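Novice: On the provided structure of chain A, position chain B as indicated by the hints.
Number of protein chains: 2
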Amino acid sequence: MEYKFAERVVGLKPSAIREIFKYAADPAYISLSAGNPAPEAFPSEALAEISAKLLRDEPILALQYSTTEGYGPLRAHLTEYLKKTHNVGRDFDDILITSGAQQVMDLFTKSILEEGDTVLCEAPSFIGSLNDFRSYKAKLAGVPMDPDGMNIEAFENALKTEKKAKFLYTIPNFQNPSGITMSREKREKVYALAKQYGVLVLEDNPYGDLRYKGDYIPPIKSLDEDGIVLYAGTFSKVISPGMRVGYAVGPKEILQKMTVCKQGQDVHTNIWSQVMCYRFMTEVDFDAHLENLRKIYTKKQRLLLDLMEQYLAPKGVTWDPFDGGLFAWCHLPAGVDLAAYTQRALEQKVCIVPGTAFLTDESEPCDAFRINFSTPTDAQLEEGIKRLARALLFLKEK
Amino acid sequence: MEYKFAERVVGLKPSAIREIFKYAADPAYISLSAGNPAPEAFPSEALAEISAKLLRDEPILALQYSTTEGYGPLRAHLTEYLKKTHNVGRDFDDILITSGAQQVMDLFTKSILEEGDTVLCEAPSFIGSLNDFRSYKAKLAGVPMDPDGMNIEAFENALKTEKKAKFLYTIPNFQNPSGITMSREKREKVYALAKQYGVLVLEDNPYGDLRYKGDYIPPIKSLDEDGIVLYAGTFSKVISPGMRVGYAVGPKEILQKMTVCKQGQDVHTNIWSQVMCYRFMTEVDFDAHLENLRKIYTKKQRLLLDLMEQYLAPKGVTWDPFDGGLFAWCHLPAGVDLAAYTQRALEQKVCIVPGTAFLTDESEPCDAFRINFSTPTDAQLEEGIKRLARALLFLKEK
Numbered sequence: 151m152e153y154k155f156a157e158r159v160v161g162l163k164p165s166a167i168r169e170i171f172k173y174a175a176d177p178a179y180i181s182l183s184a185g186n187p188a189p190e191a192f193p194s195e196a197l198a199e200i201s202a203k204l205l206r207d208e209p210i211l212a213l214q215y216s217t218t219e220g221y222g223p224l225r226a227h228l229t230e231y232l233k234k235t236h237n238v239g240r241d242f243d244d245i246l247i248t249s250g251a252q253q254v255m256d257l258f259t260k261s262i263l264e265e266g267d268t269v270l271c272e273a274p275s276f277i278g279s280l281n282d283f284r285s286y287k288a289k290l291a292g293v294p295m296d297p298d299g300m301n302i303e304a305f306e307n308a309l310k311t312e313k314k315a316k317f318l319y320t321i322p323n324f325q326n327p328s329g330i331t332m333s334r335e336k337r338e339k340v341y342a343l344a345k346q347y348g349v350l351v352l353e354d355n356p357y358g359d360l361r362y363k364g365d366y367i368p369p370i371k372s373l374d375e376d377g378i379v380l381y382a383g384t385f386s387k388v389i390s391p392g393m394r395v396g397y398a399v400g401p402k403e404i405l406q407k408m409t410v411c412k413q414g415q416d417v418h419t420n421i422w423s424q425v426m427c428y429r430f431m432t433e434v435d436f437d438a439h440l441e442n443l444r445k446i447y448t449k450k451q452r453l454l455l456d457l458m459e460q461y462l463a464p465k466g467v468t469w470d471p472f473d474g475g476l477f478a479w480c481h482l483p484a485g486v487d488l489a490a491y492t493q494r495a496l497e498q499k500v501c502i503v504p505g506t507a508f509l510t511d512e513s514e515p516c517d518a519f520r521i522n523f524s525t526p527t528d529a530q531l532e533e534g535i536k537r538l539a540r541a542l543l544f545l546k547e548k
Numbered sequence: 151m152e153y154k155f156a157e158r159v160v161g162l163k164p165s166a167i168r169e170i171f172k173y174a175a176d177p178a179y180i181s182l183s184a185g186n187p188a189p190e191a192f193p194s195e196a197l198a199e200i201s202a203k204l205l206r207d208e209p210i211l212a213l214q215y216s217t218t219e220g221y222g223p224l225r226a227h228l229t230e231y232l233k234k235t236h237n238v239g240r241d242f243d244d245i246l247i248t249s250g251a252q253q254v255m256d257l258f259t260k261s262i263l264e265e266g267d268t269v270l271c272e273a274p275s276f277i278g279s280l281n282d283f284r285s286y287k288a289k290l291a292g293v294p295m296d297p298d299g300m301n302i303e304a305f306e307n308a309l310k311t312e313k314k315a316k317f318l319y320t321i322p323n324f325q326n327p328s329g330i331t332m333s334r335e336k337r338e339k340v341y342a343l344a345k346q347y348g349v350l351v352l353e354d355n356p357y358g359d360l361r362y363k364g365d366y367i368p369p370i371k372s373l374d375e376d377g378i379v380l381y382a383g384t385f386s387k388v389i390s391p392g393m394r395v396g397y398a399v400g401p402k403e404i405l406q407k408m409t410v411c412k413q414g415q416d417v418h419t420n421i422w423s424q425v426m427c428y429r430f431m432t433e434v435d436f437d438a439h440l441e442n443l444r445k446i447y448t449k450k451q452r453l454l455l456d457l458m459e460q461y462l463a464p465k466g467v468t469w470d471p472f473d474g475g476l477f478a479w480c481h482l483p484a485g486v487d488l489a490a491y492t493q494r495a496l497e498q499k500v501c502i503v504p505g506t507a508f509l510t511d512e513s514e515p516c517d518a519f520r521i522n523f524s525t526p527t528d529a530q531l532e533e534g535i536k537r538l539a540r541a542l543l544f545l546k547e548k
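Protein chains in written order, with this note's numbering: chain A, 151 to 548; chain B, 151 to 548.
The following block holds chain A by itself, in its conformation from the complex:
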């Protein structure tokens, strides 16, 4: 039988990363293409203990239906925590617990975006979000990145030319895939311009806690006295992505619509996981845990930098500075074709993600690829970088 699909999904393709994942699942390949937390970063023992107690003493709490808005104590604790640590949240704001931060992007877009409206986004940007915007028939308008965040002139220009711009999607900290962090000055300018042009801001902050050097910069949402920023947070990078617990902080009216949409989408987020996140935040030393994560990843990041210096720099590969997160963004030497290089890397049995996968228009020229350093072991990282160097050699010989 031939099926007639809704127009909104006809052009949707599985993301390029997913295709590369098929190779990455083969143990003969070294995957530098994922975005998974390091296995040693999971607080497994503490979680096992909390879970055992929960299922022994209050199984019905963990297993019964719950409310769409989320587990009350988690919502209350997060509200206070985000206010204290990031100055996020005002009286006009509320909080919604979601099934991972990805659901924040989806519910916000469903609530706000009319088909044909424009989403302004950083170019490159996180492919999972871009594909979701596309599934609501958004027009995507990419704003190029400088080393300190979006190019502000280009942003203002886009605000002027994109008459149906509805919101800006930004990952201000250690952006995926570029690793770039938006400076404090640019955050202020972005906020002021969004306000001036009547455009909302969707601020996605999955990596904010994973800063390895440099000074803390408050989120754009911390500036929000006007109710124009929706902030997305997640436990995926700091407790567990398998649990799928994220949250949205934003104006009550917007969250009300998102809550009704969520009711139709999955009723509520897995309640065992919500209770686990709440208890982990409140019963374990959460700050010490975050500090430990930063230690693990700082070590991995330094190893990657050393390896790139040793094997890739001599071959003309460069990379943008990155103060945190899970990714390095590398540029090929002039004249090397990205698609051909990605293919050669696969032949050398190492998986990277070509930068084109993160562009609003995949046919635009791109010289960059993304390396993840959180998932591979130290030995895999070393072997992977060697193979990447070899792939370059091989390519140039051709």
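Derived by calculation from the structure, the hints in this document are not laboratory data.
Values in this document were obtained by computation on a predicted structure and should not be read as measured data.
Don't take every hint at face value.
[Said to hold, decoys possible] Residues of chain B clear of chain A, computed beta-carbon distances all greater than 12 angstroms:
hint, residue
1, ASN307
2, PRO368
3, MET431
4, GLU441
5, ARG444
6, ALA463
7, TRP469
8, VAL486
[To be verified] Examples of chain B residues toward chain A, derived with CB under 8 angstroms:
hint, residue
9, MET151
10, ALA156
11, PRO164
12, SER201
13, ALA202
14, GLY250
15, ASP256
16, LYS260
17, SER261
18, ASP416
19, ILE421
Each residue gets a CB set at the ideal place from its N, CA and C atoms; glycine is no exception.
Specialist: Here is chain B on its own, set in the frame of chain A:
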């Protein structure tokens, strides 16, 4: 600030059940309005044991990112299990694990329904699904119910008049809210008519395992040699709703689109829960567990029938026969206004859901209300039914 919401969500309201839940949360009220499994129906000890072992021996499996399609062993086991027990699934079908069955309705609608297309559905029907269809700007066309399922003439008439009918939404077993089960003959006719008119069938089967009397009837999907039925199943009523694990079985092409949409919606379903469901199905005697559930609910159902016979029948309340599920569907005596009665019941501190909440057009006349018998304790059920009788008396005196 005033927000401009997408047209698709402007008219969306939280479901009437949600509003009633606010009262139901007050311990002074007896709630007969929920749809929660009985607390004693949760296999808490077995789950605690499986979870402890999982988090001790394979924490990374439970905590790391997983694939959008779902946990491989669960998909493989369910595929075999559904084929064996229900003759569900052919070579052209595939399986997708979802965050509760509710997500099946959402992903299917997003993939298939163009704005303005018609969804044919039983009238009354499950409000959560109806609201989700509405969020894609579906036109809902209700088909009235007979005691053995949808009225077939009305269904055929709707197929003829609704030129943009895209799919039929049906809950053939112990339907929510009516408790009605579609006969084998009607399932065959529904399938044949859907095929004839080129309309897909979305078959939602949350209560199929909860039959307390009468003979098993195979799902509509068991007839599907043409790839026109999408089957939605769930662990919510047989293991735990808090876990949010459901599944879809349907034609590969449709599931591919749904998978891409799911990737944008929540990446994947909570993997701890998926592993738990798999291990519970394969390491515990699942058939014995289902048998035990049926014992628990048969007892509750009989108690409700006795109580209704004793307190409500003398006042002229009638109910449709129901062979399974969690709900009774009661009709008020002629001349009693449903809205006024629901209000009086609230004043008597007992919560029911008025039948209007389940109609495609809430302004249509309705004399019925829904009673849930799975959630209250025996004592609460008795007191609740007494209060419902009192509310009727009170109303008639007015």
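Novice: Each hint needs a verdict: does it hold in this structure or not?
Specialist: Against the structure, the hints:
1. ASN307: Its Cβ never comes within 12 angstroms of chain A, the nearest being 23 angstroms, so this holds.
2. PRO368: holds (21 angstroms)
3. MET431: Answer for MET431 of chain B: holds, closest chain A Cβ roughly 16 angstroms.
4. GLU441: holds (20 angstroms)
5. ARG444: holds (19 angstroms)
6. ALA463: At roughly 31 angstroms from the nearest Cβ of chain A, ALA463 of chain B sits farther out than 12 angstroms, so the non-interface label holds.
7. TRP469: holds (24 angstroms)
8. VAL486: Since the minimum Cβ distance to chain A is about 31 angstroms, VAL486 of chain B lies beyond 12 angstroms and the statement holds.
9. MET151: holds (5 angstroms)
10. ALA156: Cβ of ALA156 of chain B sits 5 angstroms from chain A, so the hint holds.
11. PRO164: holds (6 angstroms)
12. SER201: Given a least distance of 6 angstroms, the restraint on SER201 of chain B holds.
13. ALA202: For ALA202 of chain B, the interface hint holds, since the closest Cβ of chain A sits about 5 angstroms away, which is under 8 angstroms.
14. GLY250: Nearest chain A Cβ about 5 angstroms off; hint holds.
15. ASP256: holds (5 angstroms)
16. LYS260: At about 7 angstroms, which falls below the 8 angstroms cut-off, the nearest Cβ of chain A leaves the hint on LYS260 of chain B intact, so it holds.
17. SER261: Nearest chain A Cβ about 5 angstroms off; hint holds.
18. ASP416: Holds. Min distance 4 angstroms.
19. ILE421: holds (4 angstroms)
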